[in-house]
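Enquirer: With chain U fixed as given, assemble chain D onto it according to the hints.
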Amino acid sequence: MNNYFDIDNKFFNKDINKQNIDLYDPYEGFIRGNMYKELYDPYKISSPYEIKPMNEQAEMLTYIDALCFACIDLGLYLDVFPNNKDIINLFNKYNRQKNSLMDKYQEKFGPLTLDSDALNAYPWAWNERPWPWDNN
Amino acid sequence: MWIYEKKLEYPVNIKNKDLKMAKLLLDQYGGADGEYAAAMRYLNQRYSMPDEKGFALLNDIGTEELAHVEMIATMVTQLMKGATTKELENAGLTPNYVYSDHAIFPLNANGVPFSSAYIETKGDYRADLESDMAAEQRARATYEYLMNLTNDPDLLAPLSFLRQREVVHYQRFKELRDYYLEKYGKSYKTK
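Residue numbers (the numbering used here), protein chains in the order written: chain U, 239 to 374; chain D, 2 to 192.
Some hints could be false.
PhoX-like, lysine-lysine: derived pairs with alpha carbons at most 20 Å apart [as the list claims (entries may be wrong)]:
hint: 1; chain 1: D; residue 1: K187; chain 2: D; residue 2: K175
hint: 2; chain 1: D; residue 1: K8; chain 2: U; residue 2: K346
hint: 3; chain 1: D; residue 1: K8; chain 2: U; residue 2: K342
Which residues of chain D face chain U? A partial, calculated answer using Cβ under 7 Å [unchecked claim]:
hint: 4; residue: K7
hint: 5; residue: N17
hint: 6; residue: A57
hint: 7; residue: T78
hint: 8; residue: T85
hint: 9; residue: T86
hint: 10; residue: R166
hint: 11; residue: V169
Restraint ranges, calculated between C-beta atoms of paired labels, are given here [to be verified]:
hint: 12; chain 1: U; residue 1: M292; chain 2: D; residue 2: F56; range: 22 to 28 Å
hint: 13; chain 1: D; residue 1: T122; chain 2: U; residue 2: A363; range: 38 to 44 Å
hint: 14; chain 1: D; residue 1: L150; chain 2: U; residue 2: E366; range: 32 to 38 Å
hint: 15; chain 1: D; residue 1: E90; chain 2: U; residue 2: D355; range: 47 to 53 Å
hint: 16; chain 1: U; residue 1: K346; chain 2: D; residue 2: Y185; range: 48 to 54 Å
hint: 17; chain 1: U; residue 1: N373; chain 2: D; residue 2: S116; range: 42 to 48 Å
hint: 18; chain 1: U; residue 1: M292; chain 2: D; residue 2: E183; range: 45 to 51 Å
hint: 19; chain 1: U; residue 1: K323; chain 2: D; residue 2: F56; range: 19 to 25 Å
If you're looking for bench data, these hints aren't it; they were derived computationally from the structure. Since the structure is predicted, the reported quantities are computational estimates derived from the model, not experimental observations. C-beta: ideal position from N, C-alpha, C; glycine also.
Next comes chain U alone, as it looks inside the complex:
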């Protein structure tokens, strides 16, 4: 891992919540497509595929993807169970980490969203590759 940001300690510390809902951390959940351990039900593959980023940009994006994913999955749960305070706190923690990492990424590699400060550039930075469907 690069020393650009401290993934293990800063972003993916273990979270234990009082209601004993057993969750993966954002990266482990992301590679499985699921944050809730009891719902994980793999098919055909013996273990989840690790993401293998080719460069620093892809590596940073992997952790943004993981945090975005954690927020999506916790968010769906909260839609149905809006009174789970522990999950609300965890959602907000991951959301803050995601926003801070997205700011760093966009400053370095260009905009991911149309409200990014990275759009204050000439020429118009939004068009720059990679677009999501581009492959290397």
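Expert: Here is chain D on its own, set in the frame of chain U:
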């Protein structure tokens, strides 16, 4: 409204051309149980959900399905990259070629165009949520059939991710359905 994030929900980087899998994956794009149908179905059904839990869940799963549409389209695009007309013909992709050249168009694996009939909406929470639960199970099964037909890890990784999302979505729809049955009782009446 929506805000676009210029990235996929889960990365897709397919190195090997595979027109057979491209043709089959099109079913998850423009087919009856595909991601397009799912996105449009949930986003359309959300207006007639009985309360805010239903608004939120259908809105958010529908939005996530849009990201899955983008993943499937990316997979098909990359699987077809550099294919000649002859190769498309040999892979049974002639209907797609005649319809739209190398472009992505929501057709199913047999070349039948997407139909709004796939956007099942009944305006009755139980009918709609149970239809959504079944749709998630059908899509999960389709992903398993697709996974049976390839050993390319570049394809299996995103297919596994998408399949697991169907499992999670099914569970959330089921929890919402159960909550409504508890809240509104057996009459299904919400007013």
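Enquirer: If a hint holds in the structure, say so; if it does not, say that too.
Expert: Going through the hints against the structure:
1. D/K187 with D/K175: 16 Å, holds
2. D/K8 with U/K346: 16 Å, holds
3. D/K8 with U/K342: 16 Å, holds
4. K7: 5 Å, holds
5. N17: 11 Å, violated
6. A57: 4 Å, holds
7. T78: Since the shortest Cβ distance to chain U is 5 Å, the answer is holds.
8. T85: Where the cut-off is 7 Å and the nearest Cβ of chain U is about 19 Å from D/T85, the hint is violated.
9. T86: Violated. Min distance 22 Å.
10. R166: Result: holds, 5 Å to nearest chain U Cβ.
11. V169: 5 Å, holds
12. U/M292 with D/F56: 22 to 28 Å: With a Cβ separation near 41 Å, U/M292 and D/F56 fall outside 22 to 28 Å, so the hint is violated.
13. D/T122 with U/A363: 38 to 44 Å: This hint holds: roughly 40 Å between Cβ atoms.
14. D/L150 with U/E366: 32 to 38 Å: 36 Å, holds
15. D/E90 with U/D355: 47 to 53 Å: With Cβ atoms ~49 Å apart, the hint holds.
16. U/K346 with D/Y185: 48 to 54 Å: 51 Å, holds
17. U/N373 with D/S116: 42 to 48 Å: 31 Å, violated
18. U/M292 with D/E183: 45 to 51 Å: Because 50 Å falls inside the window, the suggested range holds.
19. U/K323 with D/F56: 19 to 25 Å: 22 Å, holds
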